[in-house]
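Q: Chains as they are written, first to last, in my numbering: chain A, 1 to 99; chain B, 1 to 535; chain C, 1 to 225; chain D, 1 to 519; chain E, 1 to 669.
In short, the hints are calculated from the structure, not lab data. Every residue gets a Cβ at the ideal spot worked out from N, C-alpha and C, and that includes glycine. Each hint should be verified, as a subset may be incorrect.
[Stated by the list, open to error] Interface residues of chain C toward chain A, partial, derived using beta-carbon atoms under 7 Å:
#: 1; residue: Leu87
#: 2; residue: Pro142
#: 3; residue: Ala153
#: 4; residue: Gly156
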Amino acid sequence: MAIGWYLVVSALIFSIGAAGVLVRRSPLVILLCLELMLNAANLALVAFSRMWGGEDGQVFALIVMVIAACEVTVGLGLIVAMHRRQLPIDVDDLRELQG
Amino acid sequence: MTALLPLAAAAHIKGPHIDWASLSPFVVLAGGALLVLLVGLLGSSIARERVVPALSFLTLAATIGCDISRFHHQASIISGALRIDDLALILDLVFAISAVAAVILSAREPAAARAGHGEYHSLLLFSVFGMAVLVSAQNLVTLFIGIELLSIPLYILCASDSRRAASLESGLKYLVIGSVGSATLVYGLALIYGATGSTDFSAIASAITGNSVQAGGLLSDPLLLTGIALSIVGFAFKASIAPFHQWTPDVYEGAPTPITAFMATATKAAAIGVFLRFFDVAVIGTQETWAPLLAALATITIIVGNVGALGQSSMKRILAYSGVGQAGYMLAGVVIGTKLGIDATVFYIATYLPVNIAAFAVIVARQRQRAGGGGEDISALAGLGSRQPWLAWPMTIAMLSLAGIPGTVGFIGKLYLIRALVGGDYTWLAVVIVIGSMISLGYYLRVVATMWMSVPEGEPAPARAAAARPAIAGGSPEADAADTGGWPTPDRAVANAEIAVVAVLFGAAGVLFGIIPSPLLRLVAHAGRSITGIF
Amino acid sequence: MSAVLFFIAAIGAIAGAIGVVMLRNSFYSVLSLVCHLVSLAALFLLLRAEFVAAAQVIVYAGAVMVLYVFVVAYVGGGEEIPTRSGLRLLGPLLALALAVELCVALLGTALKGISGKGAPYLPGFGTPEHIGKLFLTKYLFPFEVASLLLLVAAIGAIVLARRRRGLEPDEELEARYHPPLPSWVGSMAEAGGLTHFEETPGRQEPPPSPESPARPETEPIGSQS
Amino acid sequence: MTLSILIWLPLVIALIASALPPGLVGRATAIASLAPLGIAISFLARFKLGHSGLQFVTDRNWISAFGIHYKLGLDGLNISLVLLTTVLFTASLVWAASREWERPRLFYFWLGLAQSAVLGAFCAQDLFLFVAFFDLMLIPFYFLTGTWGTGDRVRATMKLVIYTLVGSFFMLVAAIATAVLASNAHGTNLTFVLSALQHLPLSHTSQDWIFLCFALAFMVKMPLVPFHGWLADAYRSMPIPAVAVFSGVLSKVAAYGFLRIVLPLFPYASVHYQTLVLVIALVSILWATSLAFTTTNARLVIAYSSVAQLGFITLGIFSLRPQGGQGALLQMLNHGLVTAPLFFIVAALAARCGGSEDIREMGGLAFRAPVLAALFLIVALATLAMPGSSNFVGEFMILLGVFKAKLAISVIAFLGVIGAAVYSLRIYIRTMHNPLGPRVQSREISWRDGLAIVPLVVVILVLAFYPQFGLRRSENSLKATMAPAEVQEGLSPAAVALVAPVTAEYCPSAGPSLRGCTP
Amino acid sequence: MTATTFGWLVLLCPLLGTVVIGLGYSRLPGRTPGWIATAAIGLSFACAIVMLIALLHRGENHRELTSSLWNYASSVGVDAKLQILVDPLSVFMVLVVSGVSTLIHLYSISYMTSDRGYSRYFAYLNFFVFSMLLLLLAGNFLLLIVGWAFVGAASYLLISFWYRRTTATRAGIKAFVINVVGDVGLVLGTFFIFTHTGTLDFLHTFAAAPHVFHRDSTDLVVGCLLLLVGAFAKSAQVPLHTWLPDAMEGPTPVSALIHAATMVTAGVYLIARMHPLFELAPTAADVGAVGGCLTLLMAGTIGLAVTDIKRVIAYSTMSQIGYMIMGVSAGAYSGALFLLMAHAFFKALLFMAAGSLIGAMAGNQSLDRMSGFRRALPFTFGCFVIGGMALSGLPPFSGWFSKDDILAYLNHRGGGFEIMGIAGYIGAILTAIYTFRMIFRAFLGDPCPEAKELAEGHLAHAEAPTNPQTGEVEDTDVGFPGPEHHIAEREWPMKIAMGTLALLATVGGFLQIPGVDDAIRNFLAPTFAGSRLAAAAPTTGADWIGLVIGGAIAVVGVAVAYRIWVLAPGTATVIRERFAPLYQLFVNKWYFDELIDFTIVRPALWFGQVAETVLDRTLVGDVITGGTVGVVGAVSAAVRRAQTGFLRYYVALMLLGISGVVIYFLISS
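Bound-form chain A, shown alone (with noise of 0.2 Å):
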């Protein structure tokens, strides 16, 4: 299959990802979009990797794999500490801060 075909799939994905963040309101659910953007941009740099034939596009999906494990964790993390508030976990109901 031409590259071209693996960047759309990877445009499609990173669309998607981005209405999930606009359409959900848990931000655990938000968290998985923001998974689905990388993985698009994973999936391009892999493509673009093998479109030149070098290796740099796979390091650098690794070293975004790293990140997107890391923004999890944290993220993660903050929705239990939100949890252990009790504050509710929906990013609509989080407008304390405004204006």
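With chain A's structure known, arrange chains B, C, D and E on it following the hints.
A: Leaving out everything else, chains B, C, D and E in the frame of chain A:
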């Protein structure tokens, strides 16, 4: 990381040459952060509450020392992952100084105790490390990991005052929006990699300018340009450029104030620094395309930031919006894409640092004094001029400097920016800056007016405050302070001495460099020189 | 063959992604993501990125997702009520616009590689050896920094999620300020106005004052731990 | 004795005085303010006549990266204004010293800073230095008005500062653009020194927009209609010592800026926009005059009269004739000298009718206060530019210049002269004469007030006999400053000789580029 | 000591007097200020005489002397020095002014005795004399304007001397503003001339004028017309005359001095001084003559109708100055100046007499209430009759010689000027009628209560001082004027002053009897040496014919007045009813006040109000300031409203931004 090196040798892979001298700031920072983390685990409260800040302070001081010692030694280290040049070093100084201020301001910060002093300070140091990586980065991977190492500790630090819901809320907001930004950035970087086939800035630059296979074809390639577009968004988010700024006020307000101070100065500097690196090195070839967009973004940012600050009542929000506006000014310096533009931007960052720190220090002081809350409210500043001039003066200087009044360093910063803009044929952007400054007077002067020209509201009725006090609030000096309308009893004033010292020192720097700017100017003049290939 | 595999994997990845977004229950979303990740790993394999694919499956679909599941279980992410706001409509529209733009960018490029099947395959491409070499030479610094990043994430998780005894008086305070609601709250009796519930403090807003005494307590308590 | 000492001495005095006990600060500052006055007089005495160039020059690199110099100097244009500044500040301090102020140290500190900044603005011979001082001098007034003012002071002071800084910020851009474009066009190093810039003429398009920026700043500061929106509130709210120097000196800095900067540096634009500026000045005169004879607030009458006077001064400058310029310079001096005592007198009047500044509540004050009435009369007559006063000579020369340049404008401007008579006498009669007002208690002027007012009146009287004082030093400098514009207008062959070094050749356009506006 | 030294001394004396009295206002006891002031003016007069002698010692061609003290304003082409010009014209004027002023000061010493502002009065009065002398001696345009405005200011101060009276202050401001209009005319006229001659110095200007101006060149005509504006404003000529009647609010000696004898004649002096210019611009001169002619007729008619005794005299002054302006514009320089001198004598006398009368009436000035003072005030009556006869031009009083000199010149000159001559004769009839109307109504007939009281030996004093115009009772605590009034019969200084003036009014005419001495013409000859018009004087015979006609007309006028007010006292009412519209026109002063109010004052006030409300508040305040603030505020509100706190909105906006940025780049690719 040194432990890994023998392993590499064992596998007969020749590791890259490492210039330890140039790497020293990084080593010091990382080592210091780890040490602080470990010391923080000790049982003794003295170790945690006294030694940890002291160690952090020492680490930062050592970093500053290393930075200074590396001036004029340009080096590209670790297989071209980092470039230690004057631009990077000056920005490193900014980060370190900002972090020093944050460490001092955190001395009695409840968030630090809550998160654990060791964790809190090591996160701060890791963030500084990330910033240093970011502005030195010479390839996309380093850049991305730098930006993440900068951000993730900050997400945590924002949420570290977990007692307050607002702190958690700000942490989550920052995290989500930051991650969207990161994802966008990394997608953009992927596209740039796809278009150029390389992750190195220099290779990217030469691919764009056509020294490579695709001679001349890349300049208007949609793939590359979209990559640049997405990266712009990623950076813009970090620098709080409108319309990617919306997290800023909320996060600044929710985060512990010392962290806000750090974010407001260091993060912004780092983001603008990476703008300089990325746009003036890697993709300088497409300047014709991105410059107008950045100019437009700068315009929007200046307007939105300054206008947004007008009706606010929380000082932290005012400074957040003001920071948005100031980011617009700095971005204007990036747009020019000349050596002068870089100098001006770096200088502006350097001028922005002391006064902003001074302002935040005053807010911290007021928050401490008003234990009952509302210390960050603008009304908490009422009457400060007559009650605590040593706090009122730094705040006044900060506001005037941010507004660009002569005699302060902000004025010289504006001068430099406008000079660069006019010289770079962007006079209209200079006019936009000026219009933004005019709008900004509306709130900067309001703050000053509150301090010097109004009487605190609770002034005549201390009895009412006492009656409203909940029964459990007795017995602590804070509560007593709250009784007297938040004005300090003598010992409270002394307790805030270190904050006042920070405020006064940074405020004084704001005036000193406003009157004698030449040393600072000479310093930043090296920044532009370190980026070759532009004029 | 590869085309068939590609379509299967691609459809799987996209379907998984859509599932993450569309499924109401967070638990199902997580599972859907796992499906997506596995499909993605297949795509990686098709792109001859063996090591990445392996890491994807092991690290991501394995470790990270387990974490997710634990947290979902802890927090109890039940059914999510769909948003009432205009974003329900605007979100997909924006995403669609983004997708179109990205596709235009990806397909509109003059790069010949895009329409090709990639560079000629060299033996060892994408193997752990090659990747490892890169990590120890060219990407040594990011590699080292990544370790710091993981450390930071670990600290973060601890800082945020740990419960320090005594350090969080909030819950006790919470309890003091928000005594359990009387049994009749929410009952028909309340609806009928038979009780005087004005005396009970509402749950809506914790008064700001409990924060003030909380602060000095940190110091003595800190020394006990 | 260098100019630096003169400039910074007031600030130093204020700082030293703040170490004294609060009760003494005022008197100490007032007495010490005689020192700058004395220094200014010594400069006047040592001033060499017949020189058109700068004297007593201090020139030091300030910000070498931008070619910004700390360059000070006196010539005919500013010597009398420097003297005026010291005189008025001393008078204001003397006036202030006899009163109690809250937080006196801060009060006198701001006044000291204000004086230093104003003196700096007058002495600055570097464009950027001028801009810096020009903006800086506003800040003390922001605090003075906001902290010690009356009425809705915070609103008023915000309005004042924002209005004036709007102009100043545009001027900042314009000033930087001047230097940058000049150095770009001529391939020289960046410099902000005025004398150097004068030899680096800008292209016509650049001059056009830069001129407008400068003009905006100066017109807001003066103010001229329609940029006077801040005036009424600010003048009503300012404490008397502040308003006296504000209207007496600060507005002159703007007019001085036209002479010092705009005419020599942007001769083409000055000629190009001459009619526009003249019309604005004319409208200001008429507008302010009509406001002055309808408003009932005594301070506002003076405020609007200032607007009208500054309209005249602008007319004189933009007649682009030496007579007009000389008249304008003389009038700056005169107006400063009359407006400050007027404000002191208004304060005295208000003190005699229960604090009200409304002239409807005044009347008949002259009865037991003949000295006050006489002082007021002299000042009022000087304000309306009664022939025989130095003000008249100024106005005469201004109108003569305008007459030569634009006859019609001069003729219409005379309406302002008549109007001045109406409003000056109106306020005099409504306060001093007419039946006794309801709450009026006629009292003679106190010797403390007299200490501030009488010397100024004496100076007014002396100048009435010898207006040449304000003219003789400035003639050569003024001719030199007007010469480029005159050459531009093709007027005077003599002026060509004065600007001989300036190459009037075409230089490449460097207007505000629109680069980056279109994708 | 040359003539110019004494010229400076002439100026110095009154100035010193002002300063001394002004500074010592609270320390000088009793009448001392009055005596100091009188002495100052007397000294000045003495110096003027010495100056005259010194000048006469010089040859006829060397009688134009200048002297300057220092540069007043000389820079960039303006060459104004503090300079006086001593020549026969100025010396003549100085003599008249200082002489009459001395007498009026003397009169004032008594008249103002009980006034609270005694010192102030004399300070003002001395200042006025100083200003007037400065005007006369000024050697260049700038100083002339200075003197010109100073007299205006002094006039203002003295008109509103009783400053608690709103009528007085209003009259003062009116006088001042109209005088400023005149000043403006003078300044503008100076500009027109200066731009061509390049000098402000009189002698240089006159020398240069024939070279730089063509005859009747536009700029010169405009310049001279503007000078005429100045002259008309100062001399109360139509249409700038409305201030003069109102100026009668001032104390009576002030009216005598300023509004009769000296200041108002400044316009005449100005035209005489500028005669080289006016002769080059005959159009302007003709306009001046016509203006004077109109004024003399109009003022005469109003004088017939008004009943305030001071105003009648004021209108008569306007009318007489009309003669002078007409004469001096037409070229009858010596005649006009002769009339000026004579007028100073008799009009000052009339005012003084009127002052005495008003004193007897306890401040009341209405002719309607006066009658039969002949016996109660014999001295005043005598003086008033002498002054009246001189004014009416009855032979052999000074008015006869002088006025008819002008008319004879006009008739002789021809070319349309005869019409003015005839108008002058009509005016002469009117003059005689209204003058004797006053005399007959005030002094003849049955004595009024005040006259009776005076006849019984004591002076009537009002219980509470009232404003004679409005009848308002004035604040006695601060009462201006004082409660007392003084009459000539009881005060010797007043008597001396009036007596001297009566004598001068009687014999002053003999200074210039045509064909006999011609003293004034000969003395002034050097000044008008170059004048074409002065040379064209009528022959002695023609002069005498004119004198005879004039005398006859005056007699007729007196007879008419006698017929109307003495023989058949009801006639006046009959005439008034028969010519009611005309009477209304006259008594309302030809509606000039209303006209000016309607065309100038109201629009100006209206504009002021519009400027304040519509333009300033609405346009500048609301639209410009408010608009900007509003726009910024609206944007600010929008930005803050966008900051909803909803995380997902932020992300949405971010995505929108991303889309926008990407689209931009896609478009530019």
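Q: Hint by hint, note whether the structure agrees.
A: To see whether the hints hold, each was checked on the structure:
1. Leu87: holds (5 Å)
2. Pro142: holds (6 Å)
3. Ala153: holds (4 Å)
4. Gly156: Where the cut-off is 7 Å and the nearest Cβ of chain A is about 4 Å from glycine 156 of chain C, the hint holds.
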